[in-house]
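Throw the hints in and build the complete structure from the sequences for me.
Residue 30 is where the sequence shown starts when you use this note's numbering, and the numbers rise one by one after that.
Certain hints may be false.
[Said to hold, decoys possible] Lysine to aspartate or glutamate pairs mimicking EDC-like chemistry, simulated, CA-CA at most 16 Å apart: (1) 555 - 501; (2) 405 - 373; (3) 392 - 465.
[What the hints assert, rightly or not] Pairwise CB distance ranges (calculated): (4) 506 - 463: 36 to 42 Å; (5) 35 - 453: 20 to 26 Å; (6) 453 - 490: 29 to 35 Å.
For the record, the hints were derived by calculation from the structure and aren't laboratory data. Being a predicted model, the structure only gives us computed values, none of them experimental. Ideal Cβ placement from N, Cα and C applies to all residues, glycine included.
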Amino acid sequence: MKSNIYRRLFKLIIPYWHIVLLSTVAAIVYVALNSISVWLTATLIHNVLADFTELARQQAAWESAPSLSANERLKYWTNMLILRDTPLESLKVLCLSILFIFIGKNIFLYIKNILIAFVQFKMTTELRNRLYKHIHNLSLGFFHRKRSGEISSVVINDVGIVEQALTTSFQKLFVEPINILAFSALLFIISWKLTLISLIIIPIAAIAIVFIGKSIRRKTERTQVKIANIMDILTETLTSMRIVKAFVMETVEIRKFLGETRNYFKLLIRRSRLQFLANPTTELIGVTIGVSLLWIGGTEVILQKGLAADDFIRFILILFSMLVPVRMLNNVNIELQIGAAGGERIFNILDEQPEIVDVPNAKELNAFTDSIEFKKVHFQYGTEDDRVLDDVSFSIQKGEAIALVGPSGSGKSTIADLIPRFYDVNEGGIFIDGTDVKEVSVKSLRKLMGIVTQETILFNDTVRGNIAYGMDAVPDASVIEAAKAANALEFIEDMPDGFDTFIGERGVKLSGGQRQRIAIARALLKNPPILILDEATSALDTESEKLVQEAIDHLMQDRTVLVIAHRLSTIKNANTILSVEKGRIVESGSHDELLEKGGLYSRLHQLQMSESS
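Right under this line is the structure:
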């Protein structure tokens, strides 16, 4: 699983391989110039301390020698570049060379970083867009299983973690090993014996890196779960603030939030302890080996046992320069472990398959001409054992209004949700004009339907934008006509900017009745042949209900309607009323017929009449 995560993470970079390649080339040039800068710095120290005459004599000896070691050849070429007739001129050339090398090194460092930053931001944007698109393609069942805060956390936090981890780590995985190899080559050229001793740091550091990295990954996974919980509490509280204040639950909600942030803080501290332990551990191992080499090499220089003073200076400078990329590789492992934890959560969502999909060569429904028919429909949510619907059969002819009544939890809303295929039936079938809805494209099916629910969903947009939602280039006259038919025109015109007034998140600036009328205007403008009304007036006061009911009457004209009613007075004129109880249709008929039967409908009617009297 782990290797699969890394493979999938690195695949995200493949579309930008040409930019990464340019960045890598710039990185290689940077590494080369960095190695040269360290070598020249060591040469500067030596040349300042050394006798110039002795330097010139040594250079002449190398020039006439039949063969040179790799170390002598490098020093010979360096002196060819910098040695001049006088010590002052030589120092001047050396200083200028170091200056230009450092300028060039930092130019290529900038090129490397800006190119990888482009990849980083582009990849993050594409990944978030991919997640957002995929979320829209998933079925409603996914959103019942997953909390909104958890989904938001993945899209925002986890993508950010992967962005940081992957792009910087990808670059360092190329750059730092090359850096280490370049420095190691120089160390071998100077003294292979001391180099072998110094390279002990790599396996020792690697063991520490792997151990710490695994623990960090586990803690990161738990950290991401905690931040998802925090976002979930925040989202839930912000959307339910009216209820929180009404029940004086501010203290309880604050306590709940503080508890989650406290747990999140503890996890962050634990992870940081490990994360910040990694660099000191690697550095202490390196310094211990470095001090040992100082003793061994320094002894050879003092006792003149083979290692020259200038070589020892170069060796120590290069060795300690090599500790930087070794430490960087340690950070790469930590970042990759953190990125892998975020990547798992991202791919868990991307791997989710929509439950509602079009069959191959799905039919397009361009019109509704005959009927909607339920045939022996059975349904249950997910893996739940209890059936929500059991052997439900009925039909709605074109132009009819069918009402569903029954106690809460009886399955009324589920019946309504099955018609637009928000869910698929487990057994039986639903047929529109004789065609099973599973054989019809979902898009064409839902285009035939308008849905108005008790929980009105509006967006933080203008009144016009909400009424014309889902439709392009709608004339203003059509929007106004829909608002008028929905009994909404009067209050809209009284708003500060009329149809251009922003109504706030979820329509918070409107009353319940106003929100419902905006939703009805939206359905009217869509002008669907099939209309589903799910308890559209149950949460309204008497005055608002009257206005909304008048709007609904407009909406129902010349349409095929399935209405779920809480207030039975609103469905007296339905062609057929179906009483639903425990997932089954227990009776059907007109208002008067059902009252005469004395069954479920009659009992519900008597109960409402007694409550209103």
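Results of checking the hints against the structure:
1. 555 - 501: Satisfied, since the Cα-Cα distance of roughly 11 Å is no more than 16 Å.
2. 405 - 373: Given pair residue 405, residue 373 is violated - Cα atoms ~41 Å apart, limit 16 Å.
3. 392 - 465: Given that 16 Å is the threshold and the Cα spacing comes to 10 Å, the pair holds.
4. 506 - 463: 36 to 42 Å: holds (37 Å)
5. 35 - 453: 20 to 26 Å: violated (36 Å)
6. 453 - 490: 29 to 35 Å: Since residue 453 and residue 490 have Cβ atoms about 32 Å apart, the given range 29 to 35 Å holds.
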